[in-house]
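Enquirer: Line order of the protein sequences matches chains Z and B.
The first sequence begins at 1 in full-length UniProt numbering and counts up one residue at a time.
The second sequence begins at 1 in full-length UniProt numbering and counts up one residue at a time.
Bear in mind the hints are in silico, worked out from the structure with no lab data behind them.
Hints are not guaranteed to be accurate.
The list treats identical chains as one, so a pair stands whether inside a single copy or across any two.
[To be verified] With a cut-off of at most 27 angstroms between alpha-carbon atoms, the simulated DSS-like pairs for lysine-lysine come out as follows:
{"no.": "1", "residue 1": "LYS292", "residue 2": "LYS343"}
{"no.": "2", "residue 1": "LYS407", "residue 2": "LYS326"}
{"no.": "3", "residue 1": "LYS86", "residue 2": "LYS281"}
{"no.": "4", "residue 1": "LYS3", "residue 2": "LYS343"}
{"no.": "5", "residue 1": "LYS335", "residue 2": "LYS407"}
{"no.": "6", "residue 1": "LYS333", "residue 2": "LYS401"}
{"no.": "7", "residue 1": "LYS128", "residue 2": "LYS344"}
{"no.": "8", "residue 1": "LYS16", "residue 2": "LYS369"}
{"no.": "9", "residue 1": "LYS274", "residue 2": "LYS22"}
{"no.": "10", "residue 1": "LYS369", "residue 2": "LYS274"}
{"no.": "11", "residue 1": "LYS401", "residue 2": "LYS276"}
{"no.": "12", "residue 1": "LYS128", "residue 2": "LYS278"}
{"no.": "13", "residue 1": "LYS407", "residue 2": "LYS9"}
{"no.": "14", "residue 1": "LYS326", "residue 2": "LYS152"}
{"no.": "15", "residue 1": "LYS111", "residue 2": "LYS278"}
{"no.": "16", "residue 1": "LYS9", "residue 2": "LYS259"}
{"no.": "17", "residue 1": "LYS152", "residue 2": "LYS407"}
{"no.": "18", "residue 1": "LYS9", "residue 2": "LYS195"}
{"no.": "19", "residue 1": "LYS274", "residue 2": "LYS115"}
{"no.": "20", "residue 1": "LYS3", "residue 2": "LYS326"}
Number of protein chains: 2
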Amino acid sequence: MIKFEDAVKIILENTKTVGLEKVFLDNALGRVLAEDIYADRDNPPADNSGMDGFAVRYEDIRGATEENPAVLDIIAESKAGGELVKVKPGTAAYIYTGGLIPEGADTVVQKELTKVEDNKVFIFQEIKKGSNIRPKGGDYKRGDLLIESGRKLRPAEIGILSSVNKPTVYVYQQPRVGILTTGDEILDVGEPVEKLSQIRTSNTYSIFSQVLEAGGIPVVIGFSKDTPEDTERKLSYAKSCDILLTTGGVSVGEYDLVKDFVTKVLGVEILFWKVKQKPGKPVAFGVWGAEKEKLFFGIPGNPVAAMVVFENMVKPAIRKMRGEKKVFNPVIKAKLLGGYRRKKGERLEFIRVALEMTEDGFVARPFGKQGSNILTGMVFAHGFGMVEVGVTEIKDGEEIKVIIFDKSFMDGDLNA
Amino acid sequence: MIKFEDAVKIILENTKTVGLEKVFLDNALGRVLAEDIYADRDNPPADNSGMDGFAVRYEDIRGATEENPAVLDIIAESKAGGELVKVKPGTAAYIYTGGLIPEGADTVVQKELTKVEDNKVFIFQEIKKGSNIRPKGGDYKRGDLLIESGRKLRPAEIGILSSVNKPTVYVYQQPRVGILTTGDEILDVGEPVEKLSQIRTSNTYSIFSQVLEAGGIPVVIGFSKDTPEDTERKLSYAKSCDILLTTGGVSVGEYDLVKDFVTKVLGVEILFWKVKQKPGKPVAFGVWGAEKEKLFFGIPGNPVAAMVVFENMVKPAIRKMRGEKKVFNPVIKAKLLGGYRRKKGERLEFIRVALEMTEDGFVARPFGKQGSNILTGMVFAHGFGMVEVGVTEIKDGEEIKVIIFDKSFMDGDLNA
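Kindly produce the complete structure, drawing on both the sequences and the hints.
Expert: This is the structure in structure tokens:
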């Protein structure tokens, strides 16, 4: 039985990134960039106007005042996306935001300082030479590094990719994560109940959803009965996956075939079995594949334990495989309302808590029957409060560390 | 020109949820539940064992000690998913976690307190009657309300839906959000540059990605030139959308056709134009459709302004349409490193900041050229610091409110 921290360390030391692939921008959100992105052009590509107004030669507006305005013939127009026009001495061009600075012009006078009459513009004030011009390359130059490889693609990054004419981009692949639910008693949704002892699965699809959240590709391998034949057949379906998750079949019962069969069928080398944590003690981890590049997690069948193991152990591995650097859920300190007591302090315990953000910082409220194995106790939970080894009592209002798996409690309410 | 708070209020007062639809569980993550979910069976469905061990009659183990153990014939086996077996006086059954409690048995003795020899089990200790039995309906009863309509579906909720045999479920529809990019100068990705004044779009796909993040369905209506014909044609493509977003074409230039044409083509009733904020002043908002149930946002073409407007105004509307109650990005207080100064304090200003979570709370660092209209300044940003109306200076280390649009800065680093 190893410590939680050691288990996580072993997992991540044995986790490698998967390969690269090219994706279109509509599928790039949240993926991790695998190439450096450079500017294809200067930005702006040419001198242009930052205002609506008139493009003029500074010489022509020098000394202009309310009483003695500069009066210039309007001979052209420059709008965004338009042609390059010319301005000669004594003349001006209409110009709009984004319009090219006309040949000969060196200054843009904003509309508000002017008046137009009979195709002439009256300018009532001298402004600085070069005013309101956004210079070519002022934001960045062709060849500048704009986004470094390894960054996660968010809306801003995707906008930049588009602006440098990259409709497709190299990103890390997403690991395929096979989910095998084991146990004679487990029914898939839709299957008829034939025996009183049968239980409908919850883990299959809660884990499916956790894989989606973590950015992996869930593959439901199915349900295996507690027979060597069925276990062997279903495990063989996992061969194309990067990660195999099994639920059930890793505790001490005689019908626990999985741990032995993953070794026989897939060549899994088990690196640890059992972790000093509660819930989730009977978790197994191993590596397999030609270069031991694939991972195996034997996850307990208890639905709450399965959630804990996934969030703390499987999710960081999926994130590392897909190229992410921030692989762990946030850990914050929160005041624990009502406190918490337990008899033994041998294991690190994760207690379900609802979180709130207050003026005084985070507040955690234990939720649901903590000993319970039922998922309904997770409905209001946002995180797992950590009751450390050796601790048997936390007083009301005392601070504990909380691992957040759902950050939505921070969002603002419609009616607030 | 109205205040930011008033603008948000007007938007949400005019936003209604869209209809309902049934989705399969693999498409349900993040959707908002539109029906109450009840238990279809008792859970557990029958008395069953919480341990591996032996099912016995309490009468038979009463008074058992190390020296004087109870000795019972093993006559049956009860495993998870198995048949209901029987125990008679003087006998016991093997039982595994999840196995049905045999007829006649009332207590489960955990394996650790027993020894097996010659098909007999030796029990060395009396334990309480009823020990290790998980009673029928102990977690919840058939007909109990398990998840209320209106909750957002996370992995735990999806596991529960599966466990009550709901492969499909009613959720709120996602609004279709049309994106029309306007301006003669704007090129789509892949289009050849023919004039120096042409600019490649960034807004189209950054907004596309923001719509995805907000849980809407992005529809790229395309790019319209600054002519009445093209503007009219492209706007007509938006008729099937719940929300129309245009970028560009809402400032004061002569070529700003959009605001007039949305009224002509789609019957948009403009409810406000221009908000006392920076960036994002020239934003327009309106309603359209038979029951004014559809929304229109005219978003400025400046990419940073577009991001600000989307996060603060469009995202809450999308979220409300899809049934969410927490519609706003989180607002936290953070210490502003380096402080911030500006000349005028007339408008609420949003400054891009990178965020960090420290022992002392959140810390914000202004990022990129703040005046700039370029998206590259967003690459390291996680939030918008709010410089309130009337404030012209924030001192180094002073607290400001920050609207978070990217919570990933809270996650834990691989190498930490």
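Enquirer: So, for every hint listed, does it hold in this structure?
Expert: Right, here's what the structure says about each hint:
1. In the homo-oligomer, the alpha carbons of LYS292 and LYS343 never lie at most 27 angstroms apart, since the shortest distance is 41 angstroms inside one protomer and 61 angstroms across protomers.
2. Both within a single protomer and between protomers do LYS407 and LYS326 lie at most 27 angstroms apart by alpha-carbon distance, with minima of 15 angstroms and 11 angstroms respectively.
3. Taking the shortest Cα distances, LYS86 and LYS281 never come within 27 angstroms of each other, neither inside one copy (78 angstroms) nor across copies (32 angstroms).
4. Within a single copy, LYS3 and LYS343 get their C-alpha atoms as close as 19 angstroms, which meets the 27 angstroms cut-off; across copies the closest is 57 angstroms, which misses it.
5. Proximity of LYS335 and LYS407 under a CA criterion of 27 angstroms is satisfied in both settings, with 17 angstroms inside one chain copy and 21 angstroms between copies.
6. In this homomeric assembly, LYS333 and LYS401 come within 27 angstroms of each other (Cα to Cα) both inside a single copy, at 5 angstroms, and across copies, at 20 angstroms.
7. In this assembly of identical chains, the alpha carbons of LYS128 and LYS344 lie at most 27 angstroms apart only when taken from different copies (20 angstroms versus 77 angstroms within one copy).
8. In this assembly of identical chains, LYS16 and LYS369 lie within 27 angstroms of each other by CA distance neither inside one copy nor across copies; the values are 38 angstroms within and 37 angstroms between.
9. Taking identical chains as interchangeable, the C-alpha atoms of LYS274 and LYS22 are never at most 27 angstroms apart, the minima being 39 angstroms within one chain and 41 angstroms between chains.
10. For a Cα distance limit of 27 angstroms, the shortest separation of LYS369 from LYS274 inside one copy, 24 angstroms, qualifies, whereas the shortest one across copies, 52 angstroms, does not.
11. Taking CA atoms no more than 27 angstroms apart as the test, LYS401 paired with LYS276 passes inside one copy only; the shortest distance there is 18 angstroms, against 41 angstroms between copies.
12. For a Cα distance limit of 27 angstroms, the shortest separation of LYS128 from LYS278 across copies, 24 angstroms, qualifies, whereas the shortest one inside one copy, 71 angstroms, does not.
13. For the homomeric pair LYS407 and LYS9, the shortest alpha-carbon distances inside one copy (25 angstroms) and between copies (25 angstroms) are both at most 27 angstroms.
14. In this assembly of identical chains, the alpha carbons of LYS326 and LYS152 lie at most 27 angstroms apart whether taken from the same copy (10 angstroms) or from different copies (25 angstroms).
15. Taking the shortest Cα distances, LYS111 and LYS278 sit within 27 angstroms of each other only across copies (20 angstroms), while inside one copy they are farther apart (70 angstroms).
16. For a Cα distance limit of 27 angstroms, the shortest separation of LYS9 from LYS259 inside one copy, 21 angstroms, qualifies, whereas the shortest one across copies, 57 angstroms, does not.
17. Both within a single protomer and between protomers do LYS152 and LYS407 lie at most 27 angstroms apart by alpha-carbon distance, with minima of 18 angstroms and 13 angstroms respectively.
18. For the identical chains of this complex, LYS9 and LYS195 are neighbours neither inside a copy (42 angstroms) nor across copies (55 angstroms), given an alpha-carbon limit of 27 angstroms.
19. Proximity of LYS274 to LYS115 under the C-alpha cut-off of 27 angstroms is restricted to the inter-copy arrangement: shortest distance 24 angstroms between copies versus 81 angstroms within a copy.
20. In this assembly of identical chains, the alpha carbons of LYS3 and LYS326 lie at most 27 angstroms apart only when taken from the same copy (22 angstroms versus 38 angstroms across copies).
Checked against the numbered hints given earlier, this structure breaks hints 1, 3, 8, 9, 18; the rest are met.
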